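S.K.: Reading the sequence shown from the start, the letters are residues 1 to 305 in full-length UniProt numbering.
Don't read these hints as lab results, they were simulated from the structure. None of these values were measured; they are calculated from a predicted model. There may be inaccurate statements among the hints.
[To be verified] Computed cross-link-like contacts, DMTMM-like style, restricted to lysine to aspartate or glutamate with a CA-CA straight-line distance of at most 25 Å:
1. K204 / D136
2. K204 / D244
3. K204 / D234
4. K204 / E233
5. K204 / D88
6. K204 / E125
7. K204 / E51
8. K204 / E165
[Claimed, not checked] Okay, the calculated beta carbon distance ranges per label pair:
9. G133 / A85: 48 to 56 Å
10. G227 / E25: 33 to 41 Å
11. L170 / A262: 53 to 61 Å
12. R119 / D88: 38 to 46 Å
13. R122 / A86: 32 to 40 Å
14. A262 / A86: 37 to 45 Å
15. R96 / R120: 42 to 50 Å
16. L170 / H129: 27 to 35 Å
Even for Gly, the Cβ is constructed at its ideal location relative to N, Cα and C.
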Amino acid sequence: MILYDGSAPEWSSLAAGARVRSLAERYPCLRSGVFGRSGMRKPLRCIFFGEGERAAVFAAGQHANEWICSPALLNHVEALASAWAAGDAAARELYRRTRLCFAPLVNPDGADLVTGALRRGRYYERAEHIAAGFPDVPFPAGWKANISGVDLNLQYPAGWERAREVKFALGWTRPAPRDYVGAAPLCAAEARALYLLTRRMAPKTVLTLHTQGEVIYWRYRGFAPPGAESLAEDLAAASGYALDEAPDESGSAGYKDWAIDALGIPAFTVECGLGENPLPASELGGISAAADAVCARLEAWCAAS
1 MILYDGSAPE WSSLAAGARV RSLAERYPCL RSGVFGRSGM RKPLRCIFFG
51 EGERAAVFAA GQHANEWICS PALLNHVEAL ASAWAAGDAA ARELYRRTRL
101 CFAPLVNPDG ADLVTGALRR GRYYERAEHI AAGFPDVPFP AGWKANISGV
151 DLNLQYPAGW ERAREVKFAL GWTRPAPRDY VGAAPLCAAE ARALYLLTRR
201 MAPKTVLTLH TQGEVIYWRY RGFAPPGAES LAEDLAAASG YALDEAPDES
251 GSAGYKDWAI DALGIPAFTV ECGLGENPLP ASELGGISAA ADAVCARLEA
301 WCAAS
């Protein structure tokens, strides 16, 4: 089992893609795929586990400076596949009963900008120009958006108009390093691709990894589907994280919000780690442990439900 430990070279979309392909080559229980293209036409890669009917989607790396969640999610995939390969009974039963999809880096362009894999060229220059209009946001460390300056986790059709009103009132009225909702829901290629992937999967639950705060958001504007509260409590117990309500300025138009509102399924945003984004690679061990715990617990629920 080869787990990424946060050491050099920095994480990048190329490193994530190589890891996905390597996992699929080494473990016959895994299958890699591409569910779309980014604004820079980079492949949006995913990896599948299982042949059952009960589906779930796990996403990471929607926000550029939260890239550390990407190797954390892939570390979980490797641990799961390694258990399956070793003949672990629980992993084998999970494979039989579920169909899991992992989208480890939804925002490859933005992640490359933050980690330094993208340092020059017209896309870099455009991002630099956008950032110049927001001097209070450090560049590129403070960049959360996709390469066009759209915040992917404010792109989903669940209270998008409300999110637009709130963010515009705060001054995020145009392409920006963070918090710009875009011209319309799902106008960003990456958000639309994750939306369509999720629709195709028809999941019983979804989970998205972010940083930071060590909290779990599980409701959308005070609402959660039946059974979601007890499941959220299980995730909190597994990870040691607290359950919380998303602040009003970030309480609409997220991926989790849309899954709850439109699909009527339990959905969770897990804010990993503590500190200032981007969290240092030295935090990967703790973040991976928490991600592994919540993903494993949600997978077990999916298999049993």
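S.K.: Is the hinted range of 42 to 50 Å satisfied by the C-beta distance from R96 to R120?
M.R.: 49 Å, holds
S.K.: Within 25 Å, alpha carbon to alpha carbon, are K204 and E51?
M.R.: 15 Å, holds
S.K.: Please work out if K204 and D88 have their alpha carbons no farther apart than 25 Å.
M.R.: 24 Å, holds
S.K.: Hinted pair, alpha-carbon criterion (25 Å max): K204, D244. Please report holds or violated.
M.R.: 22 Å, holds
S.K.: Quick one, are K204 and E125 close enough, alpha carbons at most 25 Å?
M.R.: Roughly 41 Å separates the two Cα atoms, so the pair is violated.
S.K.: Run the distance test for K204 versus E165: straight-line Cα separation, threshold 25 Å.
M.R.: Given pair K204, E165 is violated - Cα atoms ~31 Å apart, limit 25 Å.
S.K.: Taking 37 to 45 Å as the stated bounds, is the beta-carbon spacing between A262 and A86 within them?
M.R.: 39 Å, holds
S.K.: Does the hinted range 48 to 56 Å hold for G133 and A85 at CB?
M.R.: The hint (48 to 56 Å, Cβ to Cβ) holds, given that G133 and A85 are roughly 50 Å apart.
S.K.: Checking one constraint from the list: CA of K204 to CA of D136, max 25 Å. Satisfied?
M.R.: At roughly 41 Å apart (the allowed maximum being 25 Å), D136 and K204 break the hint.
S.K.: Can you confirm whether the C-alpha distance between K204 and D234 stays at or below 25 Å?
M.R.: Judged against 25 Å, a Cα distance of about 16 Å means the pair holds.
S.K.: Taking 38 to 46 Å as the hint, is the beta-carbon distance of R119 and D88 inside that range?
M.R.: Between R119 and D88, where Cβ atoms are some 43 Å apart, the hint holds.
S.K.: Note whether the CB distance of R122 and A86 lies within 32 to 40 Å or breaks it.
M.R.: Cβ of R122 to Cβ of A86: about 48 Å, so the range 32 to 40 Å is violated.
Violation of the numbered hints given earlier is confined to hints 1, 6, 8, 11, 13 and 16; the remaining hints are satisfied by the structure.
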